[in-house]
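What follows is the residue order along each chain.
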Amino acid sequence: MENISAQLTQVAPLEHYILLSAVLFSLGVLGVLLRRNVIIMFMSIELMLNACNLLLAAFSAFHSSAAGQIFVFFIMIVAAAEVAVGLAIIVMIYRNIHSIDINELSKLKW
Amino acid sequence: MTQFLFYFLSFVAVAAGLMVITAKNPVHSVLYLIIAFFAIAGHYILLNAQFLAIVHIIVYAGAIMVLFLSVIMLLNLNKDNEPAKSNVLKLAAAVAAGLLLVTFTGTLKGTESIIASQPYDDQIGYVKALGKVLFNDFLLPFEVSALLLLSAIIGAVVLVKHDLK
Numbered sequence: 000m001e002n003i004s005a006q007l008t009q010v011a012p013l014e015h016y017i018l019l020s021a022v023l024f025s026l027g028v029l030g031v032l033l034r035r036n037v038i039i040m041f042m043s044i045e046l047m048l049n050a051c052n053l054l055l056a057a058f059s060a061f062h063s064s065a066a067g068q069i070f071v072f073f074i075m076i077v078a079a080a081e082v083a084v085g086l087a088i089i090v091m092i093y094r095n096i097h098s099i100d101i102n103e104l105s106k107l108k109w
Numbered sequence: 000m001t002q003f004l005f006y007f008l009s010f011v012a013v014a015a016g017l018m019v020i021t022a023k024n025p026v027h028s029v030l031y032l033i034i035a036f037f038a039i040a041g042h043y044i045l046l047n048a049q050f051l052a053i054v055h056i057i058v059y060a061g062a063i064m065v066l067f068l069s070v071i072m073l074l075n076l077n078k079d080n081e082p083a084k085s086n087v088l089k090l091a092a093a094v095a096a097g098l099l100l101v102t103f104t105g106t107l108k109g110t111e112s113i114i115a116s117q118p119y120d121d122q123i124g125y126v127k128a129l130g131k132v133l134f135n136d137f138l139l140p141f142e143v144s145a146l147l148l149l150s151a152i153i154g155a156v157v158l159v160k161h162d163l164k
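Which chain is which? The protein sequence lines are B and G, in order. So in numbering that gives the first Met the number 0, spot 38 of the first sequence is number 37, and the numbers just go up one at a time. So in numbering that gives the first Met the number 0, spot 101 of the second sequence is number 100, and the numbers just go up one at a time.
If you are wondering where the hints come from, they were derived from the structure by calculation, not from laboratory data. Computed from a predicted model, the values in this text were never measured in an experiment. Backbone N, C-alpha and C fix where the C-beta goes; we use that ideal spot for every residue, glycine too. It is possible that some hints are incorrect.
To be verified - Footprint (simulated), chain B over chain G, 3 or more residues, beta carbon under 8 angstroms: (1) 57 to 68; (2) 125 to 136; (3) 139 to 148.
Whenever a hint applies, use it, and build me the whole structure from the sequences.
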């Protein structure tokens, strides 16, 4: 165990974790802006949530505090609830208009 | 060795994330996203967060992605009939995401001074330590999240039910 703990700083400096999370988050934003399929936009949102999770876990490890990992745990709970309700809404939309193209879902737009 | 593993896992995560948003077939997107999730689980193990790594694999790769796959199969969406956006919109999306990345990179200034705190506690990622924190300091959020999951279950059932009287 001492071996692993001594290696933590040698694995990668914190800014590399921040950079990796930033790249993953930007990829998620790009997916939401680029695609028209609602399900793929939904998956991009999952990618963004995971970028935040990774950042929280990295800070938790670097500060030796368990609070960050507990927050990742709660974010996972919220993500699971979000996916269950969101996919139910997508199924309902598909039943009504037979499409999940984001451009067809513009009735709330004025 | 672990350093090489970090960069390898980072490369896999970013490449799989890129494939998620560029794959034409939604089923392929789901499979690439699962690869990205496994790479992130590897990162958690490198960070000494073993409990998180296992929960991440069980919840994301095991439950959420199966839900995605089953909805795609249920709606019969596994064909690429998605009309493409115009090139101007694609360029605007790429520029917007790139500017966001530049902004995030700007926040890196000043983080060089953050190093792993001493003495380093490598036990915080285990179930025993995490459970003590979760059930002492975070007991109320834990109970509220149970309510959240219950309301999500009821909400999902109510939404997809056909003739709810």
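Going down the list of hints, with the structure as the test:
{"no.": "1", "hint": "57 to 68", "in the structure": "holds (count 6)"}
{"no.": "2", "hint": "125 to 136", "in the structure": "holds (count 5)"}
{"no.": "3", "hint": "139 to 148", "in the structure": "holds (count 4)"}
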